[in-house]
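Undergrad: Take the position in the sequence shown, starting the count at 1, then add 11; the result is the number in this note's numbering.
If you're looking for bench data, these hints aren't it; they were derived computationally from the structure.
Among the hints, erroneous ones may be present.
In the SDA-like style, the derived pairs of lysine to any residue whose C-alpha atoms are separated by at most 20 Å in a straight line are [what the hints assert, rightly or not]:
| id | residue 1 | residue 2 |
| --- | --- | --- |
| 1 | 110 | 65 |
| 2 | 123 | 35 |
| 3 | 128 | 150 |
| 4 | 110 | 152 |
| 5 | 128 | 106 |
| 6 | 123 | 32 |
| 7 | 123 | 109 |
| 8 | 110 | 30 |
Estimated spans, in silico, between C-beta atoms of each pair [stated by the list, open to error]:
| id | residue 1 | residue 2 | range |
| --- | --- | --- | --- |
| 9 | 109 | 142 | 36 to 46 Å |
| 10 | 100 | 13 | 29 to 39 Å |
| 11 | 66 | 149 | 21 to 31 Å |
| 12 | 95 | 47 | 19 to 29 Å |
| 13 | 139 | 66 | 22 to 32 Å |
| 14 | 99 | 22 | 30 to 40 Å |
| 15 | 99 | 14 | 28 to 38 Å |
| 16 | 142 | 77 | 32 to 42 Å |
Please read these numbers as outputs of a predicted model, since none were measured by experiment.
Just so it is clear, CB atoms sit at the ideal spot from N, CA and C, and this is done for glycine as well.
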Amino acid sequence: MSIVAHLAHLTPILDRLDSWVRCHTLPIVILLQGELGSGKTTLVQRFCQAHRAPQATSPTFSVMHTYPAEDFCIYHYDFYLKEIHELLEMGVLESLECKGVHFVEWGSDALKEMLIKLGFSVLTLELQIHQEARIYRFSDG
12 MSIVAHLAHL TPILDRLDSW VRCHTLPIVI LLQGELGSGK TTLVQRFCQA HRAPQATSPT
72 FSVMHTYPAE DFCIYHYDFY LKEIHELLEM GVLESLECKG VHFVEWGSDA LKEMLIKLGF
132 SVLTLELQIH QEARIYRFSD G
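Using the sequences and the hints given, assemble the complete structure.
TA: Structural data, given as structure tokens:
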């Protein structure tokens with residue numbers, strides 16, 4: 012499924028994410044894929060805002076941020092240039108097991124395959140810049 016939206020008007024994207032979250036058992040992993048500047052962190056910020064969580068910031072230097080929301084915790088990761096063995100050594104798998112919604116920027120296909128084999132609910136959301144808007148492509152596990 013694909014949706015075209017502007018960064019200032021993400022309601023259709025947030026509605027789709029909320030629908031997906033409601034249909035799955037926590038923890039949920041949402042892999043965000045897209046080039047630099049495509050709006051991955053902006054999307055997490057708007058999701059946090061919609062769920063009355065603290066303002067999200069990019070976890071580039073800390074790898075993970077946690078935001079308590081009304082119904083669940085929102086976790087935000089940045090795995091830019093991280094290999095799976097590095098993530099496992101850092102204990103990321105244990106963090107992903109925490110009940111909540113986990114947004115992973117730069118989540119690789121290899122990570123996706125591993126998480127699915129381990130029984131995680133995984134959604135991949137690819138963001139592509141399209142003129143002044145973005146194309147959001149959703150694909151389940």
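Undergrad: If a hint holds in the structure, say so; if it doesn't, say that too.
TA: Tested hints:
1. With a C-alpha separation of about 18 Å, the suggested pairing of residue 110 with residue 65 holds against the 20 Å cut-off.
2. For the hint linking residue 123 to residue 35, the alpha-carbon distance of about 16 Å falls within 20 Å, and the restraint holds.
3. A threshold of 20 Å between alpha carbons decides the hint, and for residue 128 with residue 150 the separation of about 16 Å falls inside it, so the pair holds.
4. Note on residue 110 and residue 152: the hinted pairing holds, with a Cα-Cα distance of about 18 Å set against a maximum of 20 Å.
5. For the hint pairing residue 128 with residue 106, the CA-to-CA distance comes to about 17 Å; that is within 20 Å, so the pair holds.
6. For the given pair, residue 123 sits about 17 Å from residue 32 by alpha-carbon distance, which is consistent with the 20 Å threshold.
7. With a CA separation close to 17 Å, the supplied pair residue 123 and residue 109 stays within the 20 Å bound.
8. Using a Cα cut-off of 20 Å, the hinted pair residue 110 and residue 30 holds, with the two alpha carbons roughly 17 Å apart.
9. At roughly 38 Å, the beta-carbon separation of residue 109 and residue 142 lies within the given 36 to 46 Å, and the hint holds.
10. With their beta carbons about 36 Å apart, residue 100 and residue 13 fall inside the hinted range of 29 to 39 Å.
11. Our hint of 21 to 31 Å for residue 66 and residue 149 holds, since their Cβ atoms are close to 25 Å apart.
12. Between residue 95 and residue 47 the beta carbons are some 22 Å apart, a value that agrees with the proposed interval 19 to 29 Å.
13. Checked against the hint of 22 to 32 Å, the C-beta distance between residue 139 and residue 66 comes to roughly 25 Å, which is consistent with it.
14. With their beta carbons about 37 Å apart, residue 99 and residue 22 fall inside the hinted range of 30 to 40 Å.
15. In this structure, residue 99 and residue 14 meet the distance hint of 28 to 38 Å, their C-beta atoms being roughly 33 Å apart.
16. At roughly 35 Å, the beta carbons of residue 142 and residue 77 sit within the given window of 32 to 42 Å.
Hint check: no violations occur; every hint is consistent with the structure.
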